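There are 2 protein chains.
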Amino acid sequence: MIYLDNAATSFPKPKSTYSALWHAIKFASGNAGRSSHKLAQAAADTIYNTREAIADLFHADSPEGVVFTYNATHALNMAIKSYVEEGAHVLISDIEHNAVIRPLEIQRERGSLIYDTFSTDGDIEANISSRIRPETTCIISTLQSNVTGRIIPADILSRVAEKYKLTLILDASQLAGHGEINLKRTPCDVLCAPGHKGLFGIQGVGFAIFRDLKRRKSFIEGGSGSDSIDPRMPSLLPEGYEAGTLGAPSIASLRGGVEYVKKRTVEEISEQIHGMTNRLIDRISSINEAELYPSGGGIVSFNLKGRSSSLIASMLDEKSICVRSGLHCAPSAHKKLGTLNRGTIRASLSCFTTVKELDLFYKSIRNICDEVKSVPSSSI
Amino acid sequence: MIYLDNAATSFPKPKSTYSALWHAIKFASGNAGRSSHKLAQAAADTIYNTREAIADLFHADSPEGVVFTYNATHALNMAIKSYVEEGAHVLISDIEHNAVIRPLEIQRERGSLIYDTFSTDGDIEANISSRIRPETTCIISTLQSNVTGRIIPADILSRVAEKYKLTLILDASQLAGHGEINLKRTPCDVLCAPGHKGLFGIQGVGFAIFRDLKRRKSFIEGGSGSDSIDPRMPSLLPEGYEAGTLGAPSIASLRGGVEYVKKRTVEEISEQIHGMTNRLIDRISSINEAELYPSGGGIVSFNLKGRSSSLIASMLDEKSICVRSGLHCAPSAHKKLGTLNRGTIRASLSCFTTVKELDLFYKSIRNICDEVKSVPSSSI
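In order, the protein sequence lines correspond to chains A and B.
Numbers 1 to 380, taken from this note's numbering, label the letters of the first sequence in order.
Numbers 381 to 760, taken from this note's numbering, label the letters of the second sequence in order.
Derived by calculation from the structure, the hints in this document are not laboratory data.
Hints may be right or wrong, so weigh each one.
In silico BS3-like links for lysine-lysine, alpha-carbon gap of 25 Å or less [claimed, not checked]:
#, chain 1, residue 1, chain 2, residue 2
1, A, Lys305, A, Lys184
2, B, Lys461, B, Lys545
3, B, Lys461, A, Lys214
4, B, Lys594, A, Lys81
5, B, Lys418, A, Lys15
6, B, Lys545, A, Lys38
7, B, Lys461, A, Lys319
8, B, Lys642, B, Lys699
9, B, Lys736, A, Lys26
10, B, Lys406, A, Lys356
11, B, Lys699, B, Lys743
12, B, Lys406, A, Lys262
Just some of the chain A residues that point at chain B, by a computed CB distance under 10 Å [as the list claims (entries may be wrong)]:
#, residue
13, Asp5
14, Glu221
15, Cys369
16, Val372
17, Val375
Computed from a predicted model, the values in this text were never measured in an experiment.
By construction, the Cβ of each residue, glycine as well, lies at the ideal position given by its N, Cα and C atoms.
Start from the sequences, fold in the hints, and give me the full structure.
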């Protein structure tokens, strides 16, 4: 099995992920923040230690600003619905995922906001600046495209948000764990990320890191384990945004994953992934039948001429190679690439991907080219 | 260690919970619904099998109506915010949890709905009927109090909702797995429950079972793995309400838990828990210093005269006995009991609780009574 679908969810995970998960299930099995007995306290400690590990990894001001969610989509919805005011004009990049587009679109339909895209080509700062209107209050941008691997420099986004006093919400779904994110150097209002991709938690955990520890509009309301008598959510973070029982086991697994990343260092992981990706890009670009799209930073997107991305992905699956085909929930990036009708084959790497696996992947693509030679091109 | 905090989260879990979790992490480690390769397909199968197991346990019409969430609070927020129309009048029971009160209260403050409580004493059907106004559209009720264990008969709620053509949203947080819930016999629009209590999943999973497979207002929007080109969420369930990566491992653990419950049968579990609870009630009521509140169905709430609930819980913790003290996120139930200022000590059982554990718990309470005799009563 060669797993090249790490941009969807990483696999394998480091051993520290599984051991932290197992430890939490066995020894920290109470309900954190609900009771005061040892098992509940152990769950609360596990969760707090994970807040600290994440705050430390991203150089956040405080562990209390780290709010746990079900996934990055949940975190982005929380950030958008809590921070974007009624009647606002929002600027988003032209390569956003549906986790940003869909929550904005529903509010646009209801007439509560409008949004507009800025180009990520050329001078991003100038592109954003030229789109700002008097009613613009917020910039939302991914830090890395999940289709091309393109990295949007956080310093540009941070600077322009600061200059125009705009709220900045960043989506680190692809970059977290794969590239340096330093909230001291490049601050933002909310940084959202999944736990199960580059940070190696299991699925079922994401988070948002808030700069301001005072809650804005609440998003999900319910039991917070504190101030039970008050019919409103607590006004401070993290409790103000964390309603109901937290997933202590998945949060613990994330701590295990983050520990691995910190030990290896993001710098080293980043260098390794970029090197491996460039190797794969070179290989794929040597195949005549391949149409390679802009790729990098762990993600390689391509098609085979005249063949649908899903056909090739399924032929690779038969050879026990896991990639993703289609639109990857990011139609705007495909609009930009001209691949909205067919999607792309996306191979995505982690620091566990080996040179041998990439070479076997390349050979399999070559073999598939030979296999489909005799078959007439599909109409895609 | 004697664990009597199963109403917060159950512990231990049956072996089938852990083995299903482990299997999912090792063999179903792709991202369900995102890619088509074997590992992603295995994750999708795991999730679908859990939908089937839950639909079967609750006699729901279709596995597609089972929507997975982070916890029961997330499910209740989804149900309320998706199903309660602007300007509605909502009726809730007088023993609701903050997972119902807080999402309603925030909307009441914004002027988008009003709500009112009905008494769960006496003739519930008459109580509800007398509160219905022309603008009433919805009844929301727990099926079992998390403070007293009091069960609200689903057939009454179902009948009155049917009679007045009202939307019925039920909170099965305490009853799921501990008492029979049959959606064929006592239908409702949305049944919400956690996965980590009586159904023995790990923390980080809940669900809502919808009668109607057409989505109403969306709640969290994002990638759904399908219709990526559409900026709106899919219109059908479950995808219409499931945005972002699902927690396949916690969902798998829930399937393992549900399998155990089905094998034992809810009827047998219910009988066992009720019998054990009555035994504990008898024991506690024999203690002179104990003030026992209405209790049953797995939950026993009491105080020791003149002592704060948190002090006694912490003394029990020193003896390695886990209970919960305080308000249990359900202030309205405490208002009814007259315990809003001090809360209660709550011992909550599961089908893994043994007679020996309950006897030791009883003895420890007696010992604590002796220990605190010489200490002056606190002002609570």
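Pairwise hint evaluation, lysine 262 of chain A against lysine 406 of chain B, where the allowed Cα distance is 25 Å at most: This hinted pair holds, its Cα atoms lying about 24 Å apart.
Given hint lysine 214 of chain A paired with lysine 461 of chain B - CA-CA distance at most 25 Å: 24 Å, holds
Hint check: 10 Å Cβ-Cβ cutoff, valine 375 of chain A to chain B: 19 Å, violated
Lysine 642 of chain B paired with lysine 699 of chain B [C-alpha distance capped at 25 Å]: 34 Å, violated
Hinted pair lysine 699 of chain B and lysine 743 of chain B, Cα distance within 25 Å: Given pair lysine 699 of chain B, lysine 743 of chain B holds - Cα atoms ~11 Å apart, limit 25 Å.
Hint consistency between lysine 545 of chain B and lysine 38 of chain A [alpha-carbon to alpha-carbon, up to 25 Å]: 47 Å, violated
Agreement of lysine 418 of chain B and lysine 15 of chain A with the hint, judged by alpha carbon distance not exceeding 25 Å: Given pair lysine 418 of chain B, lysine 15 of chain A holds - Cα atoms ~23 Å apart, limit 25 Å.
Hinted pair lysine 406 of chain B and lysine 356 of chain A, Cα distance within 25 Å: 22 Å, holds
Restraint status (C-alpha distance of lysine 461 of chain B to lysine 545 of chain B at most 25 Å): Roughly 19 Å separates the two Cα atoms, so the pair holds.
Chain B contact restraint for aspartate 5 of chain A - C-beta distance below 10 Å: At 5 Å from the nearest chain B Cβ, aspartate 5 of chain A passes the 10 Å test, so the hint holds.
25 Å limit on alpha-carbon distance, applied to hinted pair lysine 305 of chain A and lysine 184 of chain A: 45 Å, violated
Glutamate 221 of chain A as chain B interface residue, shortest Cβ-Cβ below 10 Å: At about 4 Å, which falls below the 10 Å cut-off, the nearest Cβ of chain B leaves the hint on glutamate 221 of chain A intact, so it holds.
Hints 1, 6, 7, 8, 15, 16, 17, counting from the list given before, are not met by this structure.
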